[in-house]
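> Next come the chains, spelled out residue by residue.
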Amino acid sequence: MNIVECTEINKTYQQGKVEVQALRGISLNIKKGGFIALAGPSGSGKTTLLNIIGGLDHADSGTVNVDGQSFDKMNQSQLANLRLHSIGFVFQSYNLIPVLSAAENVEFVMLLQGIPAAERQGRARTILDDVGLKDKYDRRPAELSGGQQQRVAVARAIVSNPSIVLADEPTANLDSKTGQGLLEMMKKMNVEKKVTFVFSTHDQMVMDYARRLVLIHDGLIDNDLVKKN
Amino acid sequence: MHIHLAWRNIWRNPRRTTVILTAVVIGIWSMVFLGALMRGMMTGMIDNGISTLTGDIQVHHKGYRNDPVIENSMTNPSMLKKILNDTLPNGSQWTARIRVNAVANNARHYSGVTMVGINPAQEAKISFIGPERIQGKYLDSMDHHGIVIGRELLEKFETRIGKKLVLMSQDTNQEIASRAFKIIGIFTAEMKATEKQFVFVTMSAAEKMLKLKNTISEISIIIPENHNNSKIASDIREVLPPKDYEVHTWQELLHILTAYLEMFDQFMYIWFVVVFIAMGFGIVNTTLMAVYERMREFGLLKALGMKPWWIVRSVIYESFLLLIMGMAIGNLLAFACIHALSKNGIDLSYLAEGADYFGISRIIFPDIFFQDVLVANLVVIVLGIIVSIYPAVRAARFTPVEALAHI
Ligand SMILES: Nc1ncnc2c1ncn2[C@@H]1O[C@H](COP(=O)(O)OP(=O)(O)OP(=O)(O)O)[C@@H](O)[C@H]1O
Ligand SMILES: [Mg+2]
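So the protein lines, in turn, are chains U and W.
Using the numbering used here, you'd call the opening residue of the first sequence number 2 and step up by one each time.
Using the numbering used here, you'd call the opening residue of the second sequence number 11 and step up by one each time.
Simulated from the structure, these hints should not be mistaken for lab results.
No residue lacks a Cβ here, since even glycine has one placed at the ideal position from N, Cα and C.
A couple of the hints might just be wrong.
Heads up, simulated DSSO-like pairs for lysine-lysine below, C-alpha to C-alpha not over 30 Å straight-line [unchecked claim]:
{"id": "1", "chain 1": "U", "residue 1": "K195", "chain 2": "W", "residue 2": "K317"}
{"id": "2", "chain 1": "U", "residue 1": "K33", "chain 2": "W", "residue 2": "K91"}
{"id": "3", "chain 1": "U", "residue 1": "K194", "chain 2": "W", "residue 2": "K92"}
{"id": "4", "chain 1": "W", "residue 1": "K135", "chain 2": "U", "residue 2": "K32"}
Now the in silico label distances, taken between C-beta atoms and shown as ranges [claimed, not checked]:
{"id": "5", "chain 1": "U", "residue 1": "P99", "chain 2": "W", "residue 2": "L298", "range": "16 to 22 Å"}
{"id": "6", "chain 1": "W", "residue 1": "L298", "chain 2": "U", "residue 2": "T64", "range": "35 to 41 Å"}
{"id": "7", "chain 1": "W", "residue 1": "A338", "chain 2": "U", "residue 2": "K178", "range": "51 to 57 Å"}
{"id": "8", "chain 1": "W", "residue 1": "A338", "chain 2": "U", "residue 2": "Q22", "range": "45 to 51 Å"}
{"id": "9", "chain 1": "W", "residue 1": "R323", "chain 2": "U", "residue 2": "K33", "range": "32 to 38 Å"}
{"id": "10", "chain 1": "W", "residue 1": "Y279", "chain 2": "U", "residue 2": "T64", "range": "31 to 37 Å"}
{"id": "11", "chain 1": "U", "residue 1": "K178", "chain 2": "W", "residue 2": "R323", "range": "40 to 46 Å"}
{"id": "12", "chain 1": "W", "residue 1": "R25", "chain 2": "U", "residue 2": "K32", "range": "50 to 56 Å"}
{"id": "13", "chain 1": "W", "residue 1": "F274", "chain 2": "U", "residue 2": "K74", "range": "39 to 45 Å"}
{"id": "14", "chain 1": "U", "residue 1": "A118", "chain 2": "W", "residue 2": "L298", "range": "29 to 35 Å"}
{"id": "15", "chain 1": "W", "residue 1": "T28", "chain 2": "U", "residue 2": "N3", "range": "52 to 58 Å"}
Isolated chain W (complex conformation) (with noise of 0.2 Å):
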């Protein structure tokens, strides 16, 4: 009966607990649903991360990620594909890759880049190009003049497929190499800075304009999803010389990433707290009304027996109701608006050229974090509940004297 009368009580004036109720409403769709965006910006963030050639764990010659230069080479690849194989739980793919800073021109233009030769076949299963995800042709591995660039690239150099595009860059010998190729492919990525920055070939074609023999830069390695990859990075270390050779995952590689990531997590609870606070105003302030307008139904009560501390629960509940209703429904609209983005995402690429410089996706995919939703949950119920107190303990406070006199 106490949660009937509670029922009965917030519908005694509707248009107010309408008012409650699109607050609150409004406050958890507003946490769950553009929170999950945020995550989704982020997961959509660690995704490009890491499949523009990074990989869940990389290994590098000693110094490498310092020094990028051929000296910092891994020259052992039989022993490494070995090692790997071994130690690699099942699912796992991997691929070596030779990586230099180079100088791309053509006729009219030129520009650094970074060469990365690749064992096409291989680099297809774990990064964004592959043969289905380039206009033109993609790489075959006996390939040794074709190169394929992104479209920045290839509109900032006025070329299309089919033109030669010649690289230039220092060899084992420390002298300056050049090759000519022909551009094969065009790849689109995430990111415009991608597409400007890397241009693929074969392995063998950098071998030989570099004049390498068994010589790779890095390998990458992306692991079943089940897996910890610091797990599997630390075991890679204990296999390979230490003084050769460097493990890292990509919270390591990316690190900015990483701490931004970790300061994400803060910012969203803040965010939840600014959110509760604006709706928070709005539930003291209404309850309050509600309170006042009932001060000689308080006053009657008490003179019928009831304790203080009774008043004080029969207001909460009435909030409790208010809360777990708006809840229920913020939640099921955030969930429905969730749903209704999860296939297509939401295309922001119109909205801001500069986000592509801090690596936010084109499309983004809401990725709900059950944590988050748990968290924005508990603070509207908490926090709803702790601010309706005041409103309570005033409705107890009423002596029924004062409270019956008053008409």
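Next up, chain U with everything else stripped away, as it sits in the complex (with noise of 0.2 Å):
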């Protein structure tokens, strides 16, 4: 069953004067349970992919569905409510809310959705527990190590089980061994929870844990690879 569905994604930005045809018709599917990283040169496309897919920005032309729901006919606040239930983001930095603690990060999307205080903070702690960050519950941003964060940020991505996790770089902004251990932590997830992935990345490490890699360059698929093992 395919979660994600692109169909000939064009989209274009206008830099002063110039136009820069940031993707040239792209088609993509995923399937529920992939683990999968966008790899490419810098400026192919790859966070304009995964903003259009996650609803933040639209395309020009070409139809994306998420969860059998396609976005033509959504406004803004539907589009907030697919996020909200359906789609999880972890951006390369400033990922969290600086004045709540890591527990209350991850409590606040499922304060969004409605969820009662008992459950939420029951959740958060597991969670939490489960990206390995068990005595950390009480601790502000600013107090965590930069890997710390992202698995907060994970964490906080994945609590309300979401079709998709949207990650842009996840891994950009840490070192190699912290980011191996965000990654091994990911895949642990998405074997355990069955949460579908999908990175973007420029590092090696993350192309290597990827069981599907999508090339892109210059706004068009290169190459698509589905590993087998």
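Hints in hand, dock the two standalone chains.
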């Protein structure tokens, strides 16, 4: 079953007087349970594609379907609702709300979903345990290392069992050892909880971890490799 | 947790929060405290007006108010007395007076005055004069030659207690009547004009001088506090023959003051809004700054699935908390100031000689009008939230992509 279906997506940005074609008719389907890396040189359109799949940005042409819902007819509020319930995000940096503790950051999404306080707290703690932050519940983001912050972000992204987690260069600001730890953790979540992950990356290590590698070049898919293991 | 989040957010930048809080505190403080002072000034003016021989209600012969001459006097005091005793509620006080224009003179000076013939004991119960409120001796009803005058007049005439003062006026026969009095007491009043204008003699002395018998110019009535004076005035009107008598409330007698009072309400509320405008600019600016600083965060919140309206709401929560805190502190401060002044008031006599002409008291006691306090707080909270909508909407307009790209 496809969680994401993109067909013929075009996106052009205006940079001053110059038009930059970030995506030139990309089509991409993503199956449930995947662990996929979008790789390619800088400026190839990875972030643009992830933003469009996540409903943060809209395509100039082409169609996007997430969870069987077409973005065409959705307004801002409906897109927000879809993100809230079906899509988790992990950004390269600045993922957390600075005034909230680790546990509260994870709870925040559930608060928006209207989940009662007791259940929120329980689930936030369980998921933080899962990502290896057992004794860090009450730390503010500023009191956590970069790797720990990214773990909180992953915990938040997966806590409400979204259909897909979109991670834009999640390891880019981490040293390779910390990055590897984060990848291991996400892999574990992928296997144990069947969460679908899509990354964008330059990082060879991330590409090695991925079970499917989509290479993007100049807004087009160059190569789509499904690894066998 | 929404309130939690708002609370922590407002303390992210303590300096900015302090600035907004200070603005709100000063705003509310000035509205409530200065408002109470202004109300106190008004109440003082009314009290002065009422105690300066006005009372809550007055009864005159028809035409006296337009032409206060002897001919327009009431000639049936015993009937009036009976009617008043029957109509007035328990606890009311009233007195009768003879009141004519006169010229006072001594060897060196002369001046136009209002001669008031009073029943000393009754007058003391409802007016600003009385045995404890004058220097020297108060009038005794059997005193046919004593006169009590104001301090200003005394100084103007360069005279003192024990000296002679002659009054001249027209008697009932249209002839000039004059009578020599001895100054026995000096009164002071809130206003110098009052001290210059009125001189008090006994009713019997006035009768003798003007050759009157059973004649009075006015009746002044004070009613207990919980009664409505216009209702009582109309009760009296009903039983008095309308072709001979006029009954007025203080609102009608002091009509300039009454008009001023009505204007004053509007003036207060306009002033509240002006104070708010000054404060409102501060609120908008600082909130807008705070919002722009946190652009990335709002982008993140949107990416997490927060709807634009929720973002608007969360920014408004922050303003709301700030406003409530500022209001609490501002009200407390204002009430503390009011309390501190409630005993001795503020003496403004050194400030303004001219204030006298407007009937403003020398000492102002703050007077809290619940309605003013309510309106001041409502203005701040309602308008405060309305002006926060603008920054809040700006925050909600950031698209996640541009907000997250903005570092
Ligand atoms: N908001 C924008 N306005 C104008 N041009 C943009 C905007 N966002 C992206 N672009 C352009 O679109 C192209 C694709 O950008 P995108 O960020 O998707 O690349 P990327 O593959 O994520 O690169 P990187 O690996 O550096 O993150 C680039 O040429 C970029 O300059
Ligand atoms: Mg990118």
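> Is the Cα-Cα distance between U:K33 and W:K91 30 Å or less?
violated (102 Å)
> Quick one: are W:R25 and U:K32 within 50 to 56 Å, going by C-beta?
holds (52 Å)
> Falls inside 39 to 45 Å, the C-beta gap from W:F274 to U:K74?
violated (59 Å)
> For W:A338 and U:Q22, compare the CB-CB distance with the range 45 to 51 Å and indicate the outcome.
Distance hint for W:A338, U:Q22 is violated at roughly 57 Å.
> Run the distance test for U:K194 versus W:K92: straight-line Cα separation, threshold 30 Å.
violated (99 Å)
> Between U:P99 and W:L298, is the Cβ distance one that fits in 16 to 22 Å?
Once the Cβ atoms are compared, 20 Å apart, the range 16 to 22 Å for W:L298 and U:P99 holds.
> Could one say that the CB atoms of W:L298 and U:T64 fall in the range 35 to 41 Å?
holds (38 Å)
> For U:K195 and W:K317, compute the direct alpha-carbon distance and say whether it is at most 30 Å.
It holds: about 28 Å lies between the C-alpha atoms, which stays within 30 Å.
> Kindly confirm whether 52 to 58 Å is satisfied by the beta carbon distance between W:T28 and U:N3.
The hint (52 to 58 Å, Cβ to Cβ) holds, given that W:T28 and U:N3 are roughly 54 Å apart.
> Does the structure keep W:K135 and U:K32 at a Cα separation of 30 Å or less?
violated (97 Å)
> Look at the Cβ atoms of W:A338 and U:K178 and judge whether their distance stays inside 51 to 57 Å.
holds (52 Å)
> That 31 to 37 Å hint for W:Y279 and U:T64 (C-beta), does it hold up?
Violated, at about 58 Å.
Violated hints for the displayed structure, listed by number in ascending order: 2, 3, 4, 8, 10, 13.
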